[in-house]
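Protein chains in written order, with this note's numbering: chain A, 30 to 375; chain B, 152 to 252; chain C, 2 to 174.
Wrong hints could be hidden among the right ones.
Stated by the list, open to error - Derived DSS-like pairs: lysine-lysine, alpha-carbon spacing no greater than 27 Å straight-line:
| hint | chain 1 | residue 1 | chain 2 | residue 2 |
| --- | --- | --- | --- | --- |
| 1 | C | LYS31 | C | LYS94 |
| 2 | A | LYS178 | A | LYS99 |
| 3 | B | LYS246 | C | LYS31 |
| 4 | C | LYS94 | B | LYS246 |
| 5 | A | LYS178 | C | LYS31 |
Everything labelled a hint here was simulated from the structure, so no lab data went into it.
Letter by letter, the chains look like this.
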Amino acid sequence: MSAADWVIVVLRPLVPVLGAAMAVPVLTWAERRGAGLIQDRPGPNRVGFFGWRAFGLGQPLADALKFFFKEDITPDNADAFLYTLAPWIVMFSALVGFAVIPYGPPIPIAGRIVPLVGADVPIGALFIFAMTGLSVYGIVLAGWSSNNKYSLMGGFRSAAQVISYELAMTTAAAGVFLSSSSLRLTRVVEAQHASFLRWNVVPQFFGFVVFTIAAFAETNRVPFDLAEADAELVGGYHTEYSAFKFGAFFMAEYIAMTVGSAFIVTMYFGGWSLPFFHPTGLFGGLVSVAVFAAKTAFFLLVFIWVRWTLPRFRYDQLMRLGWKVLLPLAFANLLWTALLVRSGVL
Amino acid sequence: MSVPLTDVLVVSVALFALGLAGALLRRNAITIFLSIELMLNAANLAIVGFGAKVGGYQGQIVVFFAIVVAAAEAAVGLAIFVAVFRHHETIDVNKINLLKW
Amino acid sequence: MNAARLIFDLAGAVAFVFAAVMVVHRNPIKSLLAIVVSFFALAAGFVLLSAPFLAAIQVIVYAGAILVLFLFVTMLLNLQTEEETADRRPFQKLFALVGIVALAAILLSDVRRSGEITGTSGQPPATGAVEPLARALFSQAALPFEAVSVLLLASLTGAYVLMRRERSGSAAP
Numbered sequence: 030m031s032a033a034d035w036v037i038v039v040l041r042p043l044v045p046v047l048g049a050a051m052a053v054p055v056l057t058w059a060e061r062r063g064a065g066l067i068q069d070r071p072g073p074n075r076v077g078f079f080g081w082r083a084f085g086l087g088q089p090l091a092d093a094l095k096f097f098f099k100e101d102i103t104p105d106n107a108d109a110f111l112y113t114l115a116p117w118i119v120m121f122s123a124l125v126g127f128a129v130i131p132y133g134p135p136i137p138i139a140g141r142i143v144p145l146v147g148a149d150v151p152i153g154a155l156f157i158f159a160m161t162g163l164s165v166y167g168i169v170l171a172g173w174s175s176n177n178k179y180s181l182m183g184g185f186r187s188a189a190q191v192i193s194y195e196l197a198m199t200t201a202a203a204g205v206f207l208s209s210s211s212l213r214l215t216r217v218v219e220a221q222h223a224s225f226l227r228w229n230v231v232p233q234f235f236g237f238v239v240f241t242i243a244a245f246a247e248t249n250r251v252p253f254d255l256a257e258a259d260a261e262l263v264g265g266y267h268t269e270y271s272a273f274k275f276g277a278f279f280m281a282e283y284i285a286m287t288v289g290s291a292f293i294v295t296m297y298f299g300g301w302s303l304p305f306f307h308p309t310g311l312f313g314g315l316v317s318v319a320v321f322a323a324k325t326a327f328f329l330l331v332f333i334w335v336r337w338t339l340p341r342f343r344y345d346q347l348m349r350l351g352w353k354v355l356l357p358l359a360f361a362n363l364l365w366t367a368l369l370v371r372s373g374v375l
Numbered sequence: 152m153s154v155p156l157t158d159v160l161v162v163s164v165a166l167f168a169l170g171l172a173g174a175l176l177r178r179n180a181i182t183i184f185l186s187i188e189l190m191l192n193a194a195n196l197a198i199v200g201f202g203a204k205v206g207g208y209q210g211q212i213v214v215f216f217a218i219v220v221a222a223a224e225a226a227v228g229l230a231i232f233v234a235v236f237r238h239h240e241t242i243d244v245n246k247i248n249l250l251k252w
Numbered sequence: 002m003n004a005a006r007l008i009f010d011l012a013g014a015v016a017f018v019f020a021a022v023m024v025v026h027r028n029p030i031k032s033l034l035a036i037v038v039s040f041f042a043l044a045a046g047f048v049l050l051s052a053p054f055l056a057a058i059q060v061i062v063y064a065g066a067i068l069v070l071f072l073f074v075t076m077l078l079n080l081q082t083e084e085e086t087a088d089r090r091p092f093q094k095l096f097a098l099v100g101i102v103a104l105a106a107i108l109l110s111d112v113r114r115s116g117e118i119t120g121t122s123g124q125p126p127a128t129g130a131v132e133p134l135a136r137a138l139f140s141q142a143a144l145p146f147e148a149v150s151v152l153l154l155a156s157l158t159g160a161y162v163l164m165r166r167e168r169s170g171s172a173a174p
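With the hints as constraints, model all of the structure from the sequences given.
Dropping the structure here:
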């Protein structure tokens, strides 16, 4: 393997990770301005650059600086090792999901065909499920090590929520794997290339609904943010966290949102592909990446939109929804998809 | 370009011995249980190693079922453990030494 | 010494070290986290042995569900660090250690000859693909597959029944 090969191998997964990392500040700005727009108020519009208000685009920078400079407190009886480790487990499990999501077609670079995906593993989507399952540890450890009742309750609730909705999510995804006859995400995208009717959202609409709702629950976003509900649990599992560790939780939530949106786009909306567009060459590849980014951005806006529109679920409502509504619906979707595949429609 | 069987088996034996040591020497019931799970995993690794050596998917299928059975056993085992703990208020297995409380 | 062997040795070493931490550490939560890392390293080992599906299952089921169950139980029961007691039983520990070392020695002496194994199953070596595994699983192992689903249902029911708090005065079976 030559030097160029090594550079390509290193850059392939880094591109979406860096893209997500750069998208996080934009997301925080979009969240707060979007919240303002939905609530009929301007939102932050003061912080700008060199006297120019710039629609409040300097706000994320101000927030980031605040996180850096705030005092980093560790509670007295907290288990310092676990307390420090927890945010990084959540951050790791969020970031690593980008390793398998395809963000573009195979394009020729430097004389070789490079698939635009971090690692085209045969178990694609299972890898993402495995990694999001690891975030449970970060949440529970954060709640436990803070030595605080609110944190502990928040941690347990959130962990139970993540585990329950994981089931609905994987069962809904099983329908997609059935119709594309592979776990490999590049194959899932390919199978949706033929036409708009092949986008998995059309034949498996209820699977898409279940998957998206479960994605909301997995990332602890409203209406499933009971674990961090301000009114009930102060801050839930990140009550005691301040400054940079809280910043890590905060960023990890947005990155998880981005991975969730990218995953939804890949599974149900054709990923980077558009039906009438067969990209060859570098320019086609870049256009496909832009298409993927646009679709992911749309779903991120949906995440933000839903947050400021819907009230929060109560814990028992949340568990009932996950087990008694979404899981049976996901199984029904699987059965329906199996019928479609068997009868040759898909 | 593959892993020699000897390496796999050495790791498997080492993990098995560690698990056995934990199961025999610790008094904390959870740690004993974890050591048993470690032994199960060591065996799974050995089976997969043999499967890789002789070809076919039989090894992977056996390990698949082994993992599922381990999950079932962990669920029931922990339920028993919690029920015992509720009565004895301790998890030190040296103290849980009477059948009837 | 090729790359796959090197990485497997590394993963095996990590698994061993963290398993040792699990066995030795007094705090139940830290030892549980150590074994999570150990199982993760084992999953990496599975990938190198052409079993990526098993690696994913190992992380999702073992590290991500079973050990989370352990963690919940440990936290709910608020299990404390294991203390030293007067009842130290040194001879029991000594004999246990001797027995384990003897067993490991016997096994390792057999393992040393494992390079001479030449049998094959007659089937082509496993690739990293999931489809052949799925075919084998749902055709040859279809009956055990259904059986373990019943087993899981039974264990689910059993765990629920065992965890129920007994109602006072009730003698229901």
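These are the hints, each one checked on the structure:
The hinted pair formed by LYS31 (chain C) and LYS94 (chain C) meets the criterion: a straight-line CA distance of about 23 Å does not exceed 27 Å. Restraint check for LYS178 (chain A) and LYS99 (chain A): the C-alpha separation of about 24 Å stays at or below 27 Å, so the hint holds. Note on LYS246 (chain B) and LYS31 (chain C): the hinted pairing holds, with a Cα-Cα distance of about 23 Å set against a maximum of 27 Å. Of the pairs offered as hints, the one joining LYS94 (chain C) and LYS246 (chain B) holds, with about 17 Å between alpha carbons and a cut-off of 27 Å not exceeded.
A threshold of 27 Å between alpha carbons decides the hint, and for LYS178 (chain A) with LYS31 (chain C) the separation of about 20 Å falls inside it, so the pair holds.
Checked against the numbered hints above, the structure breaks none of them.
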